[in-house]
Amino acid sequence: MNPLILLLSSFFVLIALRVNIGFSLMLSSVIVMLYEDLPLTSVINQMYANIDSFPLLAVPFFMFLGRILNSGGITERLLKVADVTVGHVRGGLGHVNVLVSMVFASLSGSAAADTASVGSILIPAMKKAGYDPAFAVALTAASSTLGVIIPPSIILIIYGAFGNVSIGALFLGGVVPGIVIGLFMMAYTYVLAIRHGYPASGRSSLKEIGVTLLRAAPPLLIPVMVLGGVVGGIFTPTEAAISAVIWALILVFIVYRDVPVRALPGMLAKSAVDFSVPLFTVAAAGIFGWLISYLGAADLVVEFILSVSRDPFAIMLMLIVFLLLIGTVLNPISAVLIFLPIIQGLGDIAGMNPVHLGVLTTITLSVGLVTPPYGICLLIASQIGEVKVIDAIVAILPIILLVISVVIISLFLPDLVLGLPKEFMPRIFGLPTG
Amino acid sequence: MNAIRTINRRLDKALQMLLAVMFASMIFVVFLQVFSRNILEVSFIGILDIAQLLFSWSIFLGAAVALRQDAHYNLDLIPPHWHKTNACLKAFGHSASLIVVYVLAVHGYDFTINSSTQEIPSLRISGLWLFLPIPLGGLAMGLFLIEMIPDEIKQLRADSDARKAAGS
Numbered sequence: 001m002n003p004l005i006l007l008l009s010s011f012f013v014l015i016a017l018r019v020n021i022g023f024s025l026m027l028s029s030v031i032v033m034l035y036e037d038l039p040l041t042s043v044i045n046q047m048y049a050n051i052d053s054f055p056l057l058a059v060p061f062f063m064f065l066g067r068i069l070n071s072g073g074i075t076e077r078l079l080k081v082a083d084v085t086v087g088h089v090r091g092g093l094g095h096v097n098v099l100v101s102m103v104f105a106s107l108s109g110s111a112a113a114d115t116a117s118v119g120s121i122l123i124p125a126m127k128k129a130g131y132d133p134a135f136a137v138a139l140t141a142a143s144s145t146l147g148v149i150i151p152p153s154i155i156l157i158i159y160g161a162f163g164n165v166s167i168g169a170l171f172l173g174g175v176v177p178g179i180v181i182g183l184f185m186m187a188y189t190y191v192l193a194i195r196h197g198y199p200a201s202g203r204s205s206l207k208e209i210g211v212t213l214l215r216a217a218p219p220l221l222i223p224v225m226v227l228g229g230v231v232g233g234i235f236t237p238t239e240a241a242i243s244a245v246i247w248a249l250i251l252v253f254i255v256y257r258d259v260p261v262r263a264l265p266g267m268l269a270k271s272a273v274d275f276s277v278p279l280f281t282v283a284a285a286g287i288f289g290w291l292i293s294y295l296g297a298a299d300l301v302v303e304f305i306l307s308v309s310r311d312p313f314a315i316m317l318m319l320i321v322f323l324l325l326i327g328t329v330l331n332p333i334s335a336v337l338i339f340l341p342i343i344q345g346l347g348d349i350a351g352m353n354p355v356h357l358g359v360l361t362t363i364t365l366s367v368g369l370v371t372p373p374y375g376i377c378l379l380i381a382s383q384i385g386e387v388k389v390i391d392a393i394v395a396i397l398p399i400i401l402l403v404i405s406v407v408i409i410s411l412f413l414p415d416l417v418l419g420l421p422k423e424f425m426p427r428i429f430g431l432p433t434g
Numbered sequence: 435m436n437a438i439r440t441i442n443r444r445l446d447k448a449l450q451m452l453l454a455v456m457f458a459s460m461i462f463v464v465f466l467q468v469f470s471r472n473i474l475e476v477s478f479i480g481i482l483d484i485a486q487l488l489f490s491w492s493i494f495l496g497a498a499v500a501l502r503q504d505a506h507y508n509l510d511l512i513p514p515h516w517h518k519t520n521a522c523l524k525a526f527g528h529s530a531s532l533i534v535v536y537v538l539a540v541h542g543y544d545f546t547i548n549s550s551t552q553e554i555p556s557l558r559i560s561g562l563w564l565f566l567p568i569p570l571g572g573l574a575m576g577l578f579l580i581e582m583i584p585d586e587i588k589q590l591r592a593d594s595d596a597r598k599a600a601g602s
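Which chain is which? The protein sequence lines are X and F, in order. The first sequence runs 1 to 434 under the numbering used here. The second sequence runs 435 to 602 under the numbering used here.
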């Protein structure tokens, strides 16, 4: 049997049989290594090599940041900001939902955390205000996926660390498409609000807006600190993450005093378990990814795609379809780790800029967070909204089409992604500085 | 079985405390590096190696705790109301994971011992400390699985008996 087929088929069979994804990656690798008579100590070596990376240290810190922000009253402060700025527009709560997810995305980079925290407040509020419950669930889940697109994004960090792409440039590249997707979602909400007569909140006075913005200013400094620090060359992503963590700890425990200090050890332990899950998967993907390269999988896929078409856009469209398909069964982190050699191989052939490719990959994979069977954000939101998953799926389909349309637009208009990185990090693109 | 349950409960608690301490130390050392580099304009040699060491320990020990909490990524293809199928798959998944545990514990141990002759130059400690969390994490996973798999099989049997009783 072809060892590559054995590797991939055993992996997919194992995850279908509910073996944990990280364990399936290792187990299928072990099967092939025994088959190929390779030493099993290489498993340990490759696993360690994959986590021996300083940029990866940013992942636990950003995940901890999300936990700190969720535990305090910061989410409520952000909700108030969103309410006074866009709540008066027709379909106000829907716009608040999208805007607060965009802001939350710029703070923590975790989609599931956003669904749980924002959803638990806004889904009941939207239902009470007369919104279709399935739409409330769908919008909450879909807007939460902005967490993996708008920086800081854990998937962009992992993509940058393993794909050898500037994480700062990836962060900047995610900003505009993320905002465009948010605006598309708001426009869709507005259309539905007109059609179904969804209400708007009262318009806030300038004083009220000013006071609310002032109260929320300290947490809103976090994205400025992270993005400004990384792009300005002051911080590495890991250093930016730790600075944001320290700032958030000061806010929650000293300034706002939302959470008692005695809760900190529990938060630290829970965060350590939280981050060990994706990072154990990262370690396990080390040996799997090494075998993928060793067995020449990237070359085979590239050969197959080229036999279908050599047109760069056709190649990219096929890649997007491939990513949408694998996104339905794998979470974005696993998908990036496993298929990065193939994604980058195809990107090279299509002549894609690595930053452009990384951002498009991330946006496309983010769709998988709301599609069955792995649509974790949709599952969390459906549970909060007490809505059948099938109703939520029907309600989310138009929003998914909007996200895919932004991917396609970004493919044909590269500057939508590359405009900001080129402006602020010209050296990476070989452009003259100053 | 009760002895294993007690050991695992204590191990789980001890690991969680250790994880909290290691993560707090990781935050402290990386912050110290940022502060010293940007404010004091001094860099401490080896501080990032300490962070990297704590990072790998946290990952492998945390992964063991996550296994006991059933927090690892899964693909849930089967509808949640198919209780028996889901319970069977869960027991199968954990049983298959024993092979991974074997590789982590046994081959991880071999690799760790082989690395003990090397030294981490910046910290002047044996390379053993870098890889030790891998066999230890595997060992903790093994202990947790010894408790979890029989529990899952017992639950499956109980469900099956209850269904038979309801049928008759």
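Treat the hints as calculated values from the structure; they're not laboratory data. The structure displayed is predicted, hence computed values, not measured ones. Check the hints yourself; a few may be wrong.
[As the list claims (entries may be wrong)] Calculated from the model, a selection of chain F residues having no Cβ within reach of chain X, i.e. all distances over 10 Å:
{"#": "1", "residue": "R439"}
{"#": "2", "residue": "Q450"}
{"#": "3", "residue": "A458"}
{"#": "4", "residue": "L474"}
{"#": "5", "residue": "A497"}
{"#": "6", "residue": "A505"}
{"#": "7", "residue": "H517"}
{"#": "8", "residue": "K524"}
{"#": "9", "residue": "G542"}
{"#": "10", "residue": "W563"}
{"#": "11", "residue": "I580"}
{"#": "12", "residue": "R597"}
[As the list claims (entries may be wrong)] A short, non-exhaustive set of chain X residues, derived as facing chain F with CB atoms under 8 Å:
{"#": "13", "residue": "F23"}
{"#": "14", "residue": "L34"}
{"#": "15", "residue": "L38"}
{"#": "16", "residue": "I51"}
{"#": "17", "residue": "A283"}
{"#": "18", "residue": "I349"}
{"#": "19", "residue": "N353"}
Idealized CB from N, CA, C, for every residue including glycine.
Agreement of hint A283/X with chain F interface, Cβ distance less than 8 Å: With Cβ-Cβ at 6 Å, under 8 Å, it holds.
Verdict on W563/F as a residue remote from chain X, using beta-carbon distances over 10 Å: The claim holds: W563/F sits with its nearest Cβ about 12 Å from chain X, beyond 10 Å.
Beyond 10 Å from each Cβ of chain X, as asserted for I580/F: The claim stands: I580/F keeps its Cβ more than 10 Å from every Cβ of chain X (closest is about 16 Å).
Given L34/X as an interface hint, is its Cβ closer than 8 Å to any Cβ of chain F? violated, 10 Å
Going by Cβ atoms, does A458/F stay more than 10 Å from chain X at every point? violated, 5 Å
Cβ separation check - L474/F to all of chain X, threshold 10 Å: L474/F clear of chain X: closest Cβ-Cβ about 14 Å, beyond 10 Å.
Hint validation: I349/X versus chain F, beta carbon distance must be below 8 Å. Holds or violated? Hint on I349/X: violated, closest Cβ of chain F at ~30 Å, above 8 Å.
Quick check for students: does the CB of A497/F sit more than 10 Å from each CB in chain X? Answer for A497/F: violated, closest chain X Cβ roughly 4 Å.
Less than 8 Å between beta-carbons is the criterion; does I51/X satisfy it with respect to chain F? Status holds, d = 6 Å.
Take a quick look at R439/F and tell me if its Cβ sits farther than 10 Å from every Cβ on chain X, holds or violated. At roughly 20 Å from the nearest Cβ of chain X, R439/F sits farther out than 10 Å, so the non-interface label holds.
Take a quick look at H517/F and tell me if its Cβ sits farther than 10 Å from every Cβ on chain X, holds or violated. Holds: least Cβ distance 13 Å, greater than 10 Å.
For K524/F, which was marked as not at the interface, is the minimum beta-carbon distance to chain X over 10 Å? With a cut-off of 10 Å, K524/F comes too close to chain X, as the shortest Cβ separation is near 6 Å.
The structure fails to meet hints 2, 3, 5, 6, 8, 9, 14, 15, 18, 19 from the earlier list, while all remaining hints are met.
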